[in-house]
Structures are given as structure tokens and as C-alpha cells.
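A.B. asks: Just so you know, the sequences run in chain order A and B. Using this note's numbering, read the first sequence as starting at 619 and increasing by one per residue. Using this note's numbering, read the second sequence as starting at 281 and increasing by one per residue.
Check the hints yourself; a few may be wrong.
Each pair of labels, with its calculated beta carbon distance range [unchecked claim]:
hint	chain 1	residue 1	chain 2	residue 2	range
1	A	E714	B	T434	28 to 38 Å
2	A	P729	B	R429	24 to 34 Å
3	B	L432	A	V696	50 to 60 Å
4	A	N762	B	I283	50 to 60 Å
Calculated from the structure, these hints are not laboratory results. Don't be surprised by glycine CBs; every beta carbon is placed ideally from N, CA and C.
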Amino acid sequence: MVEQKEYGHLWEILKEVPDPEIPVINLVELGVIRKIEERPDQDKIIVTITPTYTGCPAKKLFNDLIVEKLKEHGYNNVDIISQLHPVWTTDWLSEETKNKLLKEGISPPTPGDKIITCPHCKSVNTKVVSQFGSTPCQSLYSCNDCKEPFNYFKCY
Amino acid sequence: MKITIENSEAKFIVRLADTSVILGQRLAEMCSKGPTLEEDIALSNISLDLFGRADELYKIVAKLDGDKFTPDDYVFRRNEREYYNIKLVEQPNEDFAYVIVRQFLHDVYAKEAFTQLLNSENKELAGLSEKVLKEIRYSYIHCKDWINRLGLGTEESHKRTQSAVDHLMKYVEELFNFDALDKKYFVDCEKLKATWNTEVDTVLSESNLKRNAVAPLSMRDFRDGFHSEHIGHLLSIMQYLPRAYPDAKW
Chain A
619 MVEQKEYGHL WEILKEVPDP EIPVINLVEL GVIRKIEERP DQDKIIVTIT PTYTGCPAKK
679 LFNDLIVEKL KEHGYNNVDI ISQLHPVWTT DWLSEETKNK LLKEGISPPT PGDKIITCPH
739 CKSVNTKVVS QFGSTPCQSL YSCNDCKEPF NYFKCY
Chain B
281 MKITIENSEA KFIVRLADTS VILGQRLAEM CSKGPTLEED IALSNISLDL FGRADELYKI
341 VAKLDGDKFT PDDYVFRRNE REYYNIKLVE QPNEDFAYVI VRQFLHDVYA KEAFTQLLNS
401 ENKELAGLSE KVLKEIRYSY IHCKDWINRL GLGTEESHKR TQSAVDHLMK YVEELFNFDA
461 LDKKYFVDCE KLKATWNTEV DTVLSESNLK RNAVAPLSMR DFRDGFHSEH IGHLLSIMQY
521 LPRAYPDAKW
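Chain A on its own, in the form it takes in the complex:
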């Protein structure tokens, strides 16, 4: 995860911005916001973000949502810098965030896509239906025990 020591009030504000595809988690938890800087001399906020998936249709929307939220709090001059390095990874999701996903019905990423838990009955006896799901970050699975289909958040 990232250091959030400085500008704590701004980090708190951006925690109010939900992921547009998975509203149960916010952009800070998702790890896309890497750095926030306040430049009082220029009356400006600089937010550094990193994309999750290169083809994520929400990529542009992230920027708009961040700008909009800061505006709501009276920060009208916001610059957004997109940076690829270090590379975003699902390893940045905390256990707490992963539990939120599971509760929401999305099986959280596990290293190497090895043990995939069914969010409905918590069985690990599951099978892949398709590597590609309803969003670029998810795969389709089904549970061999409760027979329910579910989404799995791919490990990146």
C-alpha cells in the first residue's frame, strides 16, 4: 500500500470515491491513488494515480470522479498524473478489502488463481467457466457444491 501520512484530510475525501464497477470498495482501497500533494502556493492539488488494467473502461472515469469529489470539498484546481511505475497489483488489496469483495459476491484474488472460494457457500470446490467475465478484471466461475455461478477478481 501507499504512505498516507501527509495530507490525511485529502486521503479521507478520496476514500469517499467508490470504484465505478465495484462500488463497495473505494479508489484508495483499490490502490489506484498513489500520491496526493497540496500546493498552497499555486492553490492546486496534484493526485498521482496508476491504472488497474490497461483496457479498463473506467480508466477515464476515475479521473472525472476524483476531480468531482475534490471540487465538492472546495478544491477547484486539480491536476491528475497517471503513472505506470510501480505497476498496480492485486497484492495491494488488504485483507479487509478482500473480505468486502467476498461479502459483495465477488471472490477475491488469490495468488496464482489457485484456491478460489465460492462467495455464496465458501466452498473451495469450484471450477472456471471462462477466464473472461463481465469486466476486464473478473473471471466467471461456478461452485461444484452449491452450483451457483460467481465472479472471481483476477489476480494481477
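Given chain A, work out where chain B should sit, using these hints.
C.D. replies: Coordinates of chain B only, in the frame set by chain A:
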């Protein structure tokens, strides 16, 4: 607007970007035409990955070349001879076997190419390569699985897949006619070729498919902007809207 690319690293990277966007467009054509709903979604997802990859690559190209043009300019304002994609990816979607074989031959190439670019001195390119490799993994597993199933499937699926292999293999030779730019930016061109050959041969032979000898193609190199006739038709569709309405905004 005449789009020119001066910087030598940008000239190298634009080949990867063009290859991604053209293949992305070919797969986008499959949207709503997949054999099953899951496959339709899979091909569209891979297409999205390729567009995203191209977008990031064009941003690097633009930056290296003094930010004179945007990714949209590169994609929508260049003609056939100004595109530098490999010919393999502009080949049309003749049938599902063509779509899968083309993707597989491309993925094996892209996988090794981006692995070598992990060591790039350009931090953005190295970072992007790391990201791209995670995405290619899914596409690669998907196609390899299909090659196995089609090759070992019915008589008809085997016949069609073998025919796609025979046809598309013609467009492979040029990948390995490396020039000075390739030698400068890839870590090891010979390894790129060797890895490709080994992986493709392994998967084809485990799928009961043959790699027949191909007659050399009398077409000049993609690195100089030469193409098969298909790219013009592809561009005319892809570029129609921005050409017709140059002031249109997303």
C-alpha cells in the same frame, strides 16, 4: 495533418502499438459474432486489453516524440503506409479457427517481446510490459486451450484449424527479419525467434497439427510500412467517424 515520428525509440514502440490496435480492431469485429456467449465476451475482453495496451504505448510514443500528437491522432489520422503493425494481425476473421490461430501466433510473439522489454531503460515501458504480461497470460492460456481442442476435436475442426495455420504461417517470417531498431531495443532477437519457434511447435504438435513448409511471401517488410490489402479495408471502417467528423469529441 501529417503524422511523423522522429525519435528512434518511438519508431520502435509504434510497431508494438500498431500491432495491438489493429489486432484489437479485428477482435472487436467479432463482438456479437462469437460461437458462444462466453467466447464472445472473452474475445471482446481481449480486444479491450489490446486497445488499452495500444493507448498506453501511444502515450509513450507521443512523449518520446515531443508530445506533438495524441494517441487518437496516431490511430485515426494515419494511412496504410504509415502503419507499422505486423501483417499477421491485419488478416481477416475468416472463421473461428483463423481468429484463434492468429491470436495464438501473436500472443507467443508478444509474450516474449514484452518479457524482453521488462529490462528497458525506459521506466514507463518496463512498467507497462510488466502489466501487459499479466494480461497476455490470460489470452495465451485461452487460445492455447482452443488450439488443443480444435486440433484434437472433430475432423472438421482439425481441417479448418490446419488450414488457418497453413495460411497464417505465411505472415510469420517477417517477424524475425530484425532490423537495427529491433537489435537496439530487444535484449536478444535470436532468443525471440527461438522461443517463438519452440513454443509454437510444441503446442501445434500436442494438438495434432502440422507446421507445413510455407512458400516465401513476395511482400515487403512491415517495418517499412508495407501491408497486405486487408489493412485498407480495416482502416476505412475504424477511421470513418473521426475522418468524417474531425471535430468530434468522445
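A.B. asks: Hint by hint, note whether the structure agrees.
C.D. replies: Right, here's what the structure says about each hint:
1. A:E714 with B:T434: 28 to 38 Å: violated (50 Å)
2. A:P729 with B:R429: 24 to 34 Å: Given a distance of about 28 Å, which is inside 24 to 34 Å, the answer is holds.
3. B:L432 with A:V696: 50 to 60 Å: At 56 Å between Cβs, range holds.
4. A:N762 with B:I283: 50 to 60 Å: Given about 54 Å between the Cβ atoms, the range holds.
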